[in-house]
Amino acid sequence: MSAILGRCLVQRFGRQVALGPLDLQLPVGGRLAVLGGNGAGKTTLLRLLATAARPARGTLELLGLDAGRQRDRLRARLGYVGHQAGLQPALTALENLELFATLHGVAAGEARAALALVRLVPLAGRRAEQLSRGQQQRLALARAVLHRPELLVLDEPDASLDAEGRGLLGELFEGRTVVMATHDAALARELCDRALLLKAGRDAGDPWALRVVGEGRQS
Amino acid sequence: MRFMAVALAVARKDLRAELRGRELLPALAQFVVLALVIANFAFDVDLVQGPRLSPGILWLVLVFAGLVAFGRTFAGERESGSLEAMLLTPAGAAAVFAGKALAAAGLLAACEAVLLPAMAVFLGSPISPLVVATVLLATVGMAALGCLFAALSAQTRARELLLPVLALPIWVPFVVVGGRAVQVAMSGQPLGAASLAGQPLLVLADFDILFVVVAALAARFVLDD
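If you're matching them up, the sequences are chains Z and H in order. Each residue of the first sequence is one higher than the one before, starting from 1 at the first, in the numbering used here. Each residue of the second sequence is one higher than the one before, starting from 1001 at the first, in the numbering used here.
In case anyone wonders, no lab produced these hints; they're calculated from the structure. Beta carbons are placed, not taken as given, at the ideal position from N, Cα and C, and that holds for glycine. There may be inaccurate statements among the hints.
Stretch by stretch, here's where chain Z covers chain H in the computed footprint (C-beta under 8 Å, at least three residues) [said to hold, decoys possible]:
1. 1008 to 1017
2. 1213 to 1220
Over 12 Å on every C-beta distance to chain Z, these chain H residues come out as not near it, computed from the model [unchecked claim]:
3. 1020
4. 1046
5. 1081
6. 1083
7. 1096
8. 1114
9. 1120
10. 1161
11. 1183
Okay, chain Z solo, but in the shape it has when bound (with noise of 0.2 Å):
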């Protein structure tokens, strides 16, 4: 089964397209890496497979459900990460965890795992906008698989991580299907088994602007 099957995909700002048409396939428990440069299209991909936007074309299915009608039960089973930590600077670590605890629908208890799962537990009770740069991004990290779920769609996940942090990202990819947009080609053969290279992605309407490289298919 694929935990990810994209067909013909496209997304419009405006008049101009910023992806696509882009066919995507990925098996369940596939770690596949988005690369490209600045402009190419990877957060506008991701954003599209964490459910925070519609494509303009075509048909996206994630987890074997329609990306489009059934957001609610999808969003239950995916974890995303985007390019801000997304975070709620005046509570606590634990505080933001708890809140997306009660938001996922989630034991409370919850929260102090995922807070050790990324080794934050002895600031748990510093507000996020104390906490540098690379623990904001740690706890934004937890924020994402709190709630245990199959797929994570995480932009730039290594940014501003330290060696440590950048360690936990195979931890947390365990058993999960994962799609994550990065720069550090080195660091996307480690983690991922297949890689999609997005490339001038805003030029309208060129379907080969689009590349799988490595183990990953044309599309």
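For this one, chain Z is given, so just place chain H on it according to the hints.
Same frame as chain Z, now just chain H:
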């Protein structure tokens, strides 16, 4: 049940952030007192005119305090990405919206806790439990609508301009009926004896129900992409 749990968690989060940051409440309290001082001089209010002008001044101050309070409900969180993080959970946009509206209503109620005693001091307004109940009742519907438009305008660059343009015309029913209700409450006559608008408190309650339902239904389309 789950809807309420999410709404309360989001409201608690917003109020906690405000209590820790103390950004909005002190400024709103100052605004309220300054507005009353200005009204006092502008209308040359004396003890005779004060109670007569009170309902109008009250709603004028409340409407503008509401614009400030609701205007900040979504804008900051949308920019920082924390609103999107909440919306990408299975909690549902309506529950998140309800929580934020609840918190905004709480902030406006706190503002009213300063406004009403200040009105008694500056304008000699007779403040009774009925006046308080009337103002609180109007706050519910105003918060629902204000937050809906705040969510809508937060998506635009000209949000500071757009929010008043959208919200003020729709708040007119609250100002008209609320003004009448406060007038009746301040006069000391029993509400049942009032005409029309007859039972202004009931009309206010009807508006609350209508606008809360409309806002809850529209929230999903406004918040979700």
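Hints, verified against the model:
Proximity of the region 1008 to 1017 of chain H to chain Z, defined as three or more residues with a beta carbon under 8 Å from a beta carbon of that chain, is established by the 5 residues found. Counting residues of the region 1213 to 1220 of chain H whose CB falls under 8 Å from any CB of chain Z gives 0; the rule of at least 3 is not met. With 12 Å as the threshold on Cβ separation, the claim that residue 1020(H) sits away from chain Z is violated: the shortest Cβ distance comes to roughly 5 Å. The beta carbon of residue 1046(H) is kept farther than 12 Å from every beta carbon of chain Z, the shortest such distance being approximately 45 Å.
Taking the minimum C-beta to C-beta distance to chain Z, about 3 Å, the non-interface status of residue 1081(H) is violated against the 12 Å cut. The beta carbon of residue 1083(H) sits about 8 Å from the closest Cβ of chain Z, which is not more than 12 Å, so the claim that it is off the interface is violated. Chain Z draws residue 1096(H) into its interface by the beta-carbon criterion, the shortest separation being 8 Å against a cut-off of 12 Å. Listed as a non-interface residue, residue 1114(H) keeps its Cβ farther than 12 Å from every Cβ of chain Z; the least gap is roughly 22 Å.
No beta-carbon of chain Z is positioned within 12 Å of the beta-carbon of residue 1120(H); the least distance is around 34 Å. No Cβ of chain Z approaches the Cβ of residue 1161(H) within 12 Å, the least distance being about 22 Å, so the stated non-interface status holds. Against chain Z, the non-interface label of residue 1183(H) holds: every CB pair exceeds 12 Å, the least being about 40 Å.
In terms of the numbered hints stated before, the structure departs from hints 2, 3, 5, 6, 7, listed from lowest to highest.
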